[in-house]
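Colleague: Residues per chain, in single letters:
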Amino acid sequence: MTHNTPPTDGADELIVRAARDYNEPGPVPRDEIWNRIAEARRSQTDAPPTSLPERRRRYWGVWPGVGVAAAGLVAVGIAIGRGVERTPVHDDQGKQAPLATVPRDTLHAGPDLVTTAPVQVAGKSDSVTDNARGDAPSSLGDQPNSMNVAYRLAVVNHVVGSEAMITAFRASARRGDVDPQLAKWSRDLLGETRLLESAAPADDATMKRLLEDLELVLAQIVQYSNRGMHSPEDLDLIEQSIRRRSVISNIRNLSAGRLPSGT
Amino acid sequence: MSSPLPQVFASDPRAVDRQLVARCIDGDGTAERALYDAHVDRIYRLMHRMAGDGDLAADFTQEAFIRTFQRLEQFRGDSSLATWLHTIAVSVALNGMRKVKRLRVRSDTMDSIAELPAAGNPAGLTSDLRTRLHAAIDALSEKLRPVFVMHDVEGYTHDEIAGTLGIPVGTSKARLFDARAKLRLALAAFAGDHIV
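Read top to bottom, the protein sequences are chains A and B.
Per the working numbering, the first sequence starts with residue 1, numbered consecutively.
Per the working numbering, the second sequence starts with residue 1001, numbered consecutively.
Worth flagging that the hints you see were computed from the coordinates, not collected in a lab.
Ideal placement from N, C-alpha and C gives every residue a C-beta, glycine not left out.
It cannot be assumed that every hint is accurate.
Restricting the straight-line Cα-Cα distance to at most 27 angstroms, the calculated cross-link-like pairs of lysine-lysine (DSSO-like) are [unchecked claim]:
1. B/Lys1099 x B/Lys1182
2. B/Lys1099 x A/Lys184
3. B/Lys1182 x A/Lys208
4. B/Lys1173 x A/Lys208
5. B/Lys1143 x B/Lys1182
6. B/Lys1173 x B/Lys1143
7. B/Lys1101 x A/Lys184
8. B/Lys1099 x A/Lys208
In silico contact screen, one side only, chain A against chain B (beta carbon under 7 angstroms); selected entries [stated by the list, open to error]:
9. Pro25
10. Pro27
11. Ile248
Label pairs and their in silico Cβ distance ranges [said to hold, decoys possible]:
12. B/Asp1026 x A/Arg244: 41 to 51 angstroms
13. A/Ser198 x B/Ser1141: 18 to 28 angstroms
14. A/Arg41 x B/Asp1138: 26 to 36 angstroms
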């Protein structure tokens, strides 16, 4: 480690000297970070697609008050899955667009979206499948179209779960406590959001934006949950982020197929 | 148990990198931990310098290593593993900081820092100067700040910075020059003869 542009004069020297303790790090929490990495990687590789709904089921045992909302959200997920499966889609000339089959094993969306029959997804014009046309470069551009569809379905499933968590968090935080299970759930969702974000197609700015906004809100919730003392101001900041970025309405638009892709 | 690295590789860091990566790809947990241990200190230090917060630094470090492990098969060995890892880490930090900035509305611009009234007490100069300098570094642009932090704070060479940021060495030097000039300007009103 050498400085290959040494300070040229006294002023530079002063700057370099005064900058030495800029954001000075303390001891490196090696083991703590390693454990977190190991846990995150384990959950990526080991966790079956059912992990989110399973977590949700466990969670509803603790939070029965929001169980009804969860049921509604699951129904939305099923409706999307069935809608995607059954709705005939017409192209610009009014002809029915060909359907592409998405292999079941490419769906990372969990059982909420996986129906008993092989899932068929419209190839064109469907908001869920806009991204699968393959006519624009993307980070998934080399993958089969079905992967893009599977990715989008996974995102839909993920954001629906996130909405459930945010709803539960709001209810619990207003009562002045945050259950440890809720804190863990929000951390898991944050990790999954980041993974989905890093795999987002480059040309789908809307999706990326939604995931970024969701990440921001989840990060705030994680920070809030980690703190021992909960201040109303912090809670208000979270509420503001949710409202300003229209996170909930964007999630609902996405899950209802109203959020355009590729914009 | 995995075997230690053969002696023949000891003098060839690239070969060590390739060997380590190959073992990680094969699922060798010891190799993964060895890779982590070899780089985590430097990565964490840089993340902390860029984030200014231990929790964020840990988050960025964690994310950088997760992405590194995910993408190891893409490592071709054109650059060193350290450079490749740093590229991922700096990208994670810059993206993360963009989001954090959306959270913390930071109003300290270079202008406002320069407009702060000068301290009347010469005895307090060092501490005030440091505080102002740190605020001025915070306010550097996304292009200048990583170069300044890496070079003048963490002691990376221009070669390392250029490799990490994917820019020519000359650009790294030019950015460092610009960063120092901006910091001088930001501190000029305060430090007067000490700076200009």
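Colleague: Hint by hint, say whether it matches the structure.
Modeller: How the hints compare with the structure:
1. B/Lys1099 x B/Lys1182: holds (24 angstroms)
2. B/Lys1099 x A/Lys184: holds (22 angstroms)
3. B/Lys1182 x A/Lys208: Judged against 27 angstroms, a Cα distance of about 34 angstroms means the pair is violated.
4. B/Lys1173 x A/Lys208: Not OK: B/Lys1173 and A/Lys208 at ~34 angstroms, beyond 27 angstroms, violated.
5. B/Lys1143 x B/Lys1182: Between B/Lys1143 and B/Lys1182 the Cα gap is close to 13 angstroms, so the pair holds against 27 angstroms.
6. B/Lys1173 x B/Lys1143: holds (12 angstroms)
7. B/Lys1101 x A/Lys184: It holds: about 25 angstroms lies between the C-alpha atoms, which stays within 27 angstroms.
8. B/Lys1099 x A/Lys208: Holds: B/Lys1099 and A/Lys208 sit about 13 angstroms apart, inside 27 angstroms.
9. Pro25: Nearest chain B Cβ about 4 angstroms off; hint holds.
10. Pro27: At 9 angstroms from the nearest chain B Cβ, A/Pro27 fails the 7 angstroms test, so the hint is violated.
11. Ile248: Because about 18 angstroms separates A/Ile248 from the closest Cβ in chain B, which is outside the 7 angstroms limit, the hint is violated.
12. B/Asp1026 x A/Arg244: 41 to 51 angstroms: holds (47 angstroms)
13. A/Ser198 x B/Ser1141: 18 to 28 angstroms: holds (24 angstroms)
14. A/Arg41 x B/Asp1138: 26 to 36 angstroms: holds (33 angstroms)
When each numbered hint is compared with the structure, violations occur for hints 3, 4, 10, 11.
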